[in-house]
Amino acid sequence: MADEPIIKVQDVHKWYGNFHALKGINMEVKRREVIVIFGPSGSGKSTFIRTLNRLEEHQRGTIIVDGIELSHDVRNIEQIRSETGMVFQQFNLFPHLTVMQNIVLAPIQVRKWKKEKAEEIAMQLLERVGIPEQAHKYPGQLSGGQQQRVAIARSLAMQPKIMLFDEPTSALDPEMIKEVLDVMIELAKSGMTILAVTHEMGFARAVADRMVFFDKGEIVEQGTPEQIFNNPQSDRTKLFLSQILRH
Amino acid sequence: MSNLNTVLPPVSERSNILRWMRRNLFGSWYDALLTILGALIAYWAVRGFLTWVFTVAEWEVVSTNMRLLMIGQYPLEHSDRLWVWLGFLVFLSGNSIGIWARRSRFAVVLLLIPALLALFPFGDSPRQWLILLCIAGLVGWGFGRARPDVLKRSVIAGWVISLPVIILLTHGLSESESGFMPIVRTNLWGGLLLTFLLTVVGILFSFPIGVLLALGRRSELPIIRWFSVGYIEIVRGVPLITILFMAQLMLPLFLPTGWTVDRVVRAMVGITLFSAAYLAENVRGGLQAIPRGQFEAAHALGLNGFQTMTFVILPQALRLIIPILVGQFIAVFKDTSLVAIVGLLDLVGIAKTVLAQPEFLGLQREVYAFISLIFWVLSYGMSYLSQQLEERLGVGKR
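Residue numbers (numbering that gives the first Met the number 0), protein chains in the order written: chain W, 0 to 246; chain E, 0 to 397.
Some clues are possibly wrong.
Simulated crosslink set (BS3-like; lysine-lysine; CA at most 30 Å straight-line) [said to hold, decoys possible]:
no.: 1; chain 1: W; residue 1: 111; chain 2: E; residue 2: 333
no.: 2; chain 1: E; residue 1: 151; chain 2: W; residue 2: 114
no.: 3; chain 1: W; residue 1: 237; chain 2: W; residue 2: 188
Everything labelled a hint here was simulated from the structure, so no lab data went into it.
Keep in mind it's a predicted model, so treat the numbers as computed, not measured.
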């Protein structure tokens with residue numbers, strides 16, 4: 000069982016109208032694996048990880064997450080979502096709730112935990128992401144980096160088996176990127192299964208087990224960071240890497 | 000020379016009234032001219048009104064008919080029940096002010112209004128009740144301040160049961176005249192009492208219906224969506240007065256023989272259904288202002304559709320539209336006066352009957368000025384409350 004992949008994606012296609020956004024994606028993700036997905040904008044990488052918890056619906060192929068196949072069955076979708084954390088580019092914290100209320104909402108409503116237990120765990124998570132003193136502030140009173148760390152803590156509160164990151168540092172000022180990456184690196188080292196869409200090549204080099212290059216709705220190339228950085232096979236990968244690593 | 004460090008604002012910024020006037024009203028010769036001209040026009044306009052209010056107007060028509068204007072033909076021997084629920088409301092208000100508006104002095108002054116009203120010549124019994132109201136409010140305020148955390152829940156519970164309490168006390172329990180709290184038929188309800196009940200019921204029931212219709216209009220299920228769209232567009236396309244006429248005249252035709260629905264209830268249903276259609280569109284506007292990311296984040300956490308709406312989307316959407324909602328509530332309050340046309344004796348209806356008495360012929364100005372004042376005071380009260388609420392909820396800040 001332990002060797003069974005936690006995510007199995009077979010021949011997944013998606014269209015937006017006539018635009019073919021995903022063209023037959025196949026991927027298997029092992030438990031505790033850390034995968035970095037990168038590629039030019041519009042390549043389908045965000046769309047792909049959003050199909051994994053059904054924020055986007057795929058139209059062909061199968062996606063199996065932790066033994067459950069994604070279908071139109073709402074209960075399956077909700078179960079997969081409660082096992083899968085997601086962190087967004089725009090944080091998407093709930094602005095009318097305090098940091099603490101943001102974190103305990105889902106554990107109390109979905110997992111049916113007692114309020115005290117949820118708050119205790121929330122406090123531990125806030126310490127883990129380094130901002131316990133902000134628990135009773137509102138998201139609007141925090142910096143971008145702090146908000147993104149709260150968003151990570153909010154996802155972790157559901158004790159997910161998989162974490163999906165959708166460009167988590169793209170909306171941040173440069174000096175705040177590090178504080179978010181540090182949290183993500185710590186999370187990767189703790190054994191979490193992670194799929195991250197990001198162009199932070201430092202993060203990839205430090206913790207990624209595998210890097211996947213997306214272009215025009217297809218997986219062009221994948222391999223260890225070593226292979227990708229030092230010996231990329233495809234011309235498209237080479238071109239893209241040279242563009243983002245030039246500076 | 001030690002306080003050289005305390006920087007005072009430049010002299011021109013330190014204002015007093017004279018300096019302010021010189022700068023803003025008499026800054027140049029044409030400013031001065033405009034100021035004098037404006038003052039003359041204002042004087043001319045207000046003088047006529049004030050002379051009328053203090054010398055010409057015959058306010059006896061209002062004071063003699065005060066009871067009619069307030070409660071219509073509601074029997075005097077049962078009117079204590081109305082004072083009791085009014086006292087209950089004032090007590091809850093005092094509680095709420097003590098708990099949630101601890102620092103507001105103005106709110107405390109509000110609680111003294113009944114005592115101020117007691118200075119007017121209303122007769123002994125109302126005067127005693129007004130003083131009791133004032134005491135109830137202040138006692139409630141004291142409790143609220145002393146024990147805010149303990150009382151919060153019971154105050155909210157109190158507000159929740161207040162409408163049933165009001166209806167029960169107003170309507171009564173016992174069929175026989177000698178029993179406990181004999182029933183007062185709704186045809187005797189009138190004046191401000193009826194206006195108040197129509198408004199409160201209209202607002203409280205149309206609100207949830209409006210929210211459901213707004214959600215229905217965004218539903219993915221076609222039948223629910225078509226029903227919501229159809230309902231909203233049909234009701235919004237029809238004047239309230241025709242709905243009230245339909246409720247009064249046509250509803251009985253559709254009911255099985257022997258069934259009757261109380262006329263006041265019919266009016267309440269009409270107002271509620273009418274207001275719900277407008278509320279639905281207001282709420283939909285609020286829902287559209289919530290970014291898609293909020294839905295996605297809630298879904299990604301595993302919240303189902305109902306939980307997403309209840310805990311994430313609606314609280315934000317409703318907070319955004321507080322000013323519009325209150326505008327709608329004020330409109331409902333004023334629109335209830337249309338029931339006078341279908342023969343109910345609300346504030347406007349009772350004013351017409353007062354003016355039909357031979358001894359008060361020709362005193363329309365006094366009576367209508369008075370009920371306008373009541374409408375204005377209560378509408379402004381709602382508006383003021385909503386501003387306080389917005390400030391408290393930090394609308395526009397977070």
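What's the verdict on residue 237 of chain W and residue 188 of chain W, does the C-alpha distance respect the 30 Å limit or exceed it? 28 Å, holds
Going straight from one Cα to the other, do residue 111 of chain W and residue 333 of chain E come out at no more than 30 Å? Violated, at about 45 Å.
Residue 151 of chain E and residue 114 of chain W: Cα distance at most 30 Å? 19 Å, holds
Comparing the model with each numbered hint stated earlier shows that hint 1 is the single one that does not hold.
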